[in-house]
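The chain contents come next:
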Amino acid sequence: MTERLRRIGRFGVRRWLPAGFVLLIGILTALGGSAGIGWPTSAQPSAAELHALLAAPGRDRILVAFDPDVGTYAEVRPAVRAAFAQLVRAGATLSVVSFTPEGRALAVAELDRLRRGGVEEARLLDLGFHAGAEAGLVAATSRLVPAGASGALAEAVRDAGGGIAAFDAVLVVGGGDIGPRSWVEQVGTRLPETTIAAIVPTSLLPQAVPYRSSGQLDALVAGVREASAYVAAVRDDPAASAAREAERVDDAAPSALPIIAGALLLLVGLADAIAGRWRRDAA
Amino acid sequence: MRRSLPAVLVVLVGLVLLLDLLVANPTLASLADALVELVVILFAAAAVLGAVALAVRHGRAVALPADDRIGSVVVLVGMAAVLVPGLLAPEGAAAPAVRWVVGALLVPLGASLLALVVIFLVPAARRGMRARPAETGVLLGAACVMLVLLLPLGGAVGDVTGAAADWLLAVPVRGVLAGLLVGAAIATAVFAARVVFGLANVDD
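Protein chains in written order, with the working numbering: chain A, 41 to 323; chain B, 199 to 402.
Hint data in this document are derived by calculation from the structure and do not stem from the laboratory. All C-beta atoms in this analysis are idealised placements derived from N, C-alpha and C, irrespective of residue type, glycine included. Treat the hints with care, since some could be wrong.
[What the hints assert, rightly or not] Some chain A residues close to chain B (C-beta under 8 Å, calculated; not the full set):
#1 Gln84
#2 Ala114
#3 Arg144
#4 Val148
#5 Ala149
#6 Ala175
#7 Gly176
#8 Val178
#9 Gly228
#10 Thr242
#11 Arg265
#12 Ser268
#13 Leu307
#14 Gly309
#15 Leu310
#16 Ala313
[Stated by the list, open to error] Partial pick of chain B residues on the chain A-facing surface, computed with a CB cut under 7 Å:
#17 Ala292
#18 Val300
#19 Leu348
[Unchecked claim] Derived Cβ-Cβ restraints for the label pairs, each shown as a range:
#20 A:Arg320 with B:Val211: 51 to 59 Å
#21 B:Val206 with A:Ala162: 44 to 52 Å
#22 A:Pro246 with B:Arg325: 23 to 31 Å
#23 B:Pro370 with A:Ala200: 41 to 49 Å
#24 B:Gly257 with A:Arg156: 37 to 45 Å
#25 B:Gly212 with A:Arg156: 41 to 49 Å
#26 B:Gly257 with A:Pro85: 52 to 60 Å
#27 B:Val221 with A:Ala200: 23 to 31 Å
#28 B:Arg325 with A:Ala162: 56 to 64 Å
#29 A:Gly316 with B:Val316: 12 to 20 Å
#30 B:Ala295 with A:Ser182: 32 to 40 Å
#31 B:Gly257 with A:Arg320: 45 to 53 Å
#32 B:Ala382 with A:Pro85: 27 to 35 Å
#33 A:Ser190 with B:Leu216: 36 to 44 Å
Pulled out of the complex, with its shape left as it was, chain A reads as follows:
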């Protein structure tokens, strides 16, 4: 009976351990800086770099290369929307293009959100889906605006050459097959003056970091930690206006908490797997 109770107790502790950890982190976060723990702040260098790059003067015409992955988009969505909010506040125009079908589907939803959020139609340009993967990206360096696109922004891009060079900066939202690596390799080599910034999920972090370190990417926000810091940077921006829905910045905490919970669950499971092996070896 005692052994059975001990077994049940042990199982219960192990089962509730991740939840306990999350609760502890929640309490410590609520206590704020006094407990030495909290959400990432805008002081994070990568977040500050992206914020400064998008806030720099002359960033009026921004190309958003929207190719996230459906599975990991939830991880970077707060940072992507924060970037849109920052650009909308700064009065920039947003031209959105996709080179993957998944990216196109998600881009349509985000464009719709921006329109519903009060961004003027004249400041948005839907460049659609470009087929051909990396070959499509190469072709886009000289021809990006579809024949059917109309409006002042489309004409302005055409007048400036009609390709990627017509934009002041490119914001790559990665996660799918066409991400920062493709942009650096295919566009960066052909148009070295192009300013390329990227927001990618943690899964692309190791792949994108070397390009940021070498300076081929001008700014990089990768993973939840940096995304949370960037969201904080945009949220704390004094230029924020409460008038427009499109300028609203989601709090990163709701997306970060399940990640912390999942990570802790995984850690406990992995530790249990290692401990199980040791126990078997000892026996």
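Could you slot chain B onto chain A? The hints should help.
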């Protein structure tokens, strides 16, 4: 001849695109542009053919009693749910029905499937510890360290984990990845050279 024709085509196309990067010549540039356009059209045609082949394959599976009929029906209905509203509505992919399928079905399904990785990784770790304890131990140890360091935390604790994560990414991880990228580039260049000199075929 049949085996060498693709190699010759690859070499010619590759050389034209490479020369276009090195030499500023309008004729060469228009030739390179035309080749890139051709590749784009081939990609689009391959995508359409792939979708048609998938529909035909699952259409046949629905007709045959031995196959997984339910799975095939789900695939066909899923394709139709996106294709039909997209083709019928003047807005195309921006049609509300397509947006609903993407926002309410595809994105949550994709995120849920990815979230299952957490669940399946633990049994995989257990099996790995049974089969190859040393290698799996190193792998799990490294994964645990990175997992903790990449947690979205701030404050004094976040500063420490952030600094450690930045160092790990900037020094060992970057070193390994840069080595991998350079190694892959060298291997690609060597293979390309072997193809050019006829020492290897493109399908090797």
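With 8 Å as the cut and Cβ atoms as the points, is A:Gly228 at the interface with chain B? violated, 12 Å
Would the hint on A:Val178 be counted as holding, given a Cβ-Cβ threshold of 8 Å to chain B?
This hint holds: A:Val178 lies near chain B, its Cβ roughly 5 Å from the closest one there, short of 8 Å.
Hey, does the A:Gly176 contact hint survive, CB to chain B under 8 Å? holds, 5 Å
Given the hint of 52 to 60 Å, check if B:Gly257 and A:Pro85 actually sit that far apart at their C-beta atoms. holds, 54 Å
* Closer than 7 Å between Cβ atoms is the bar; does B:Val300 clear it against chain A? Give me holds or violated. => holds, 4 Å
- Item | Hint check for A:Ala162 and B:Val206 - Cβ pair distance inside 44 to 52 Å | At roughly 50 Å between Cβ atoms, A:Ala162 and B:Val206 fall inside 44 to 52 Å, so the hint holds.
Quiz item: Taking the least C-beta to C-beta distance, is A:Val148 closer than 8 Å to chain B?
Solution: Interface hint status for A:Val148: holds (5 Å vs cutoff 8 Å).
Status of the given 37 to 45 Å range, CB of A:Arg156 versus CB of B:Gly257: Hint holds: Cβ distance 39 Å, inside 37 to 45 Å.
Just to be sure I understand the hint, the distance between the Cβ atoms of B:Pro370 and A:Ala200 should be within 41 to 49 Å; is that true here? holds, 43 Å
Next item in the hint list is A:Ala114. Is there a CB on chain B closer than 8 Å to its CB?
holds, 5 Å
Discussion item. Quick check on the hint: B:Ala292 CB to chain A CB, less than 7 Å?
Written reply: Interface hint status for B:Ala292: holds (5 Å vs cutoff 7 Å).
Range hint 51 to 59 Å: satisfied by the CB atoms of A:Arg320 and B:Val211?
Taking Cβ atoms as reference, A:Arg320 and B:Val211 lie about 57 Å apart, which means the hint holds.
Going through the hint list in order, the structure does not satisfy hint 9, though it satisfies all others.
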